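K.L.:
So the sequences go chain by chain: A and B. The numbering of the first sequence is my numbering, which starts it at 6 and goes up by one. The numbering of the second sequence is my numbering, which starts it at 11 and goes up by one.
Since the hints were derived computationally from the structure, they do not count as laboratory data. Here the structure is a predicted model, which means the values were calculated and not measured. Among these hints, one or two may not hold up.
Interface residues of chain B toward chain A, partial, derived using beta-carbon atoms under 8 Å [claimed, not checked]:
id	residue
1	G44
2	V152
3	F198
4	Q262
5	D309
Pairwise CB distance ranges, derived in the manner of DEER restraints [to be verified]:
id	chain 1	residue 1	chain 2	residue 2	range
6	B	G252	A	R191	17 to 23 Å
7	B	K27	A	G215	41 to 47 Å
8	B	T228	A	E243	21 to 27 Å
For glycine and all other residues, C-beta sits at the position ideal for the given N, C-alpha and C.
What follows is each chain in one-letter form.
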Amino acid sequence: MKILVAAKRVPDPNATIKVRPDGTGIVTDNLKYVVNPFCEIAIEEALRIKEKQGGAEVILVSLGDQVSQEQLRTGLAMGADRAILVLAEGDTEPVIVARALAKLVEQEQPELVLMGKQSIDDDSNVVGQMLAEMLGWGQATFASEVKLADDKSSAVVTREVDGGLEDIEVQMPAIITADLRLNEPRYASLPGIMKARKKELKEVPLADLGIDTSAQVKTIKIAPPPEREAGKRVETVEELVNLLHTEAKVI
Amino acid sequence: MSNVLVFAEHINKAFSKNALVAVGAGREIAGKSGGECYVAVLGSGIEGLANEIAEHGAKTVFAVEHAALENYTADAHAQAIANLAEEKGCDIVVSAASSIGKDVMPRVAIRLGAAMASDITGYNDDGTIERPTYAGNAVATVSLETAKKVITVRATAFEPAAKDGTAAVEKTDAKIDEGALKMKFVAFNETKSDRPPLTEASVVVSGGRGLKSGENFTEVLEPLVDAMGAAMGASRAAVDAGFVPNDLQIGQTGKVVAPELYIAVGISGAIQHLAGMKDSKVIVAINKDEEAPIFQVSDYGLVADLFKAVPEMKEAVEKLK
Ligand SMILES: Cc1cc2nc3c(=O)[nH]c(=O)nc-3n(C[C@H](O)[C@H](O)[C@H](O)COP(=O)(O)OP(=O)(O)OC[C@H]3O[C@@H](n4cnc5c(N)ncnc54)[C@H](O)[C@@H]3O)c2cc1C
Ligand SMILES: Nc1ncnc2c1ncn2[C@@H]1O[C@H](COP(=O)(O)O)[C@@H](O)[C@H]1O
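Turn these sequences into a full structure, and let the hints steer you where they fit.
P.N.:
In structure tokens:
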């Protein structure tokens, strides 16, 4: 079984993000980058499926500039078999990512595509669904549990939705997007890191994929959010409840 | 001039606030783009529902019927919504950024060849759009450069449509290629609660890792929640630890709430949590660590042990009544 996993390079979720005064983006000096946490979970799920089945190929794909190699190497060190880096300058909007992934799916013919439900930088939560529609596949977004049928013709997936948990059955090949509670990703081991250096990491310029890369969404500016001022400290519960009643008038 | 089609979602034939907010946003966007606002309700046997939402003012409500729409699945719904938008000449398609809206609308965008903006917080007069990024650390202004546009709206940023109209209701059969469907609904495991829904409540009381156990949620936090007639929320740490169900998670990757009053109990205030509650009108934090970042966004901060403060607060709130 072939599993394709889409993994994006994003700023560390624990880093403090500051907007550039000229409104063109965020301050990237000294910013640490990681594998998008949801993508890390997707990689882990692919590895678990591979281990359970005793054989599968896990191929990582990322779209980004040269430095995204780092995140692909991390995924390879976790245990993925090989990686493809689609080289693109600057931010690439979701629909172009989806088109590029669709092209790679066409070339690689995986039976399953695993990805994150959302990138923690653009917070779009759209690429997986777009890719599924482009391919005419089913999708299981926000997955917290994946059960592949023995014959691998379908999967039953538990999804984290408003109001509870939903189970759906999706025919394979399919797109599954990972939610936070799908699994706990492993750390790369030292031997894993050594091995990863020798694994194949192929680079493909975006322009070579022969897809439409014209922008559909134009970013005009990026601004900081409205500031919220810290209010006052209260000493006792009694004071708190009084203020909520008489001053804030919310109880 | 662009007409707007709103996809008004329902769960088990009941609308939540999400549907009304989507209609409210649809009407606002139609007003700004100089077109009409239409509403689509999808399912099987949903004429009653269509009549219900027709009271919230739109040009026409389409009751879109098909056996394949009985239970929500993304592929069937995407087909039905996109086909209806084309048939009715609606260039802008809008829904709430709910778990259903997030799931289906990107597929609709691809079917229509439309540019998409998700989870938007503002639609400007000139048609540009605002959406938060980086867990709410930045707000992007974007423009969608195609004639057709697909938008999901953040429910806390738009007003629900008032009950101020009577739209015509038109029954129509969905156009769906059933051979292309790859998804099947199996089961919905609903989190049952007598409390108001998290995204609709005027008071939300949330607990974090500081509560230490699911038992403490029940025994310490819930009495306060109920004394206040509030909804209960949680941090990711509390959900991950299994203290409470997943659909209580508030934050960047959970629900976004903006109640009149938000009380964070034993929650440190990580940026990912703030992303889901910092637009609340009044924020209260109860935390024993005076350095906790939650205090930086709180209107009222109480440095205290929650196991002492929360029961006291319940008593004090009850005395007020
Ligand atoms: C990709 C990603 C997405 C995420 N999405 C979300 C999200 O949507 N929502 C979310 O909430 N988090 C999210 N997180 C997690 C987030 O970064 C924090 O880890 C999480 O919010 C911490 O939860 P907490 O405040 O309950 O726990 P902690 O940070 O451990 O804080 C517990 C607090 O309780 C206080 N406390 C302990 N005991 C007591 C006591 N007896 N009395 C009073 N106070 C006490 C402590 O002082 C501390 O401040 C995400 C993280 C990542 C990486
Ligand atoms: N540049 C990228 N490279 C690889 N995968 C991506 C990229 N952008 C998005 N994805 C995938 O799509 C998912 C959803 O992203 P988004 O729709 O941008 O929130 C991510 O979790 C990734 O799995």
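K.L.:
For every hint, state whether the structure bears it out.
P.N.:
Checked hints:
| no. | hint | result |
| --- | --- | --- |
| 1 | G44 | violated, 21 Å |
| 2 | V152 | holds, 5 Å |
| 3 | F198 | holds, 5 Å |
| 4 | Q262 | holds, 7 Å |
| 5 | D309 | holds, 4 Å |
| 6 | G252/B / R191/A: 17 to 23 Å | holds, 21 Å |
| 7 | K27/B / G215/A: 41 to 47 Å | holds, 45 Å |
| 8 | T228/B / E243/A: 21 to 27 Å | holds, 25 Å |
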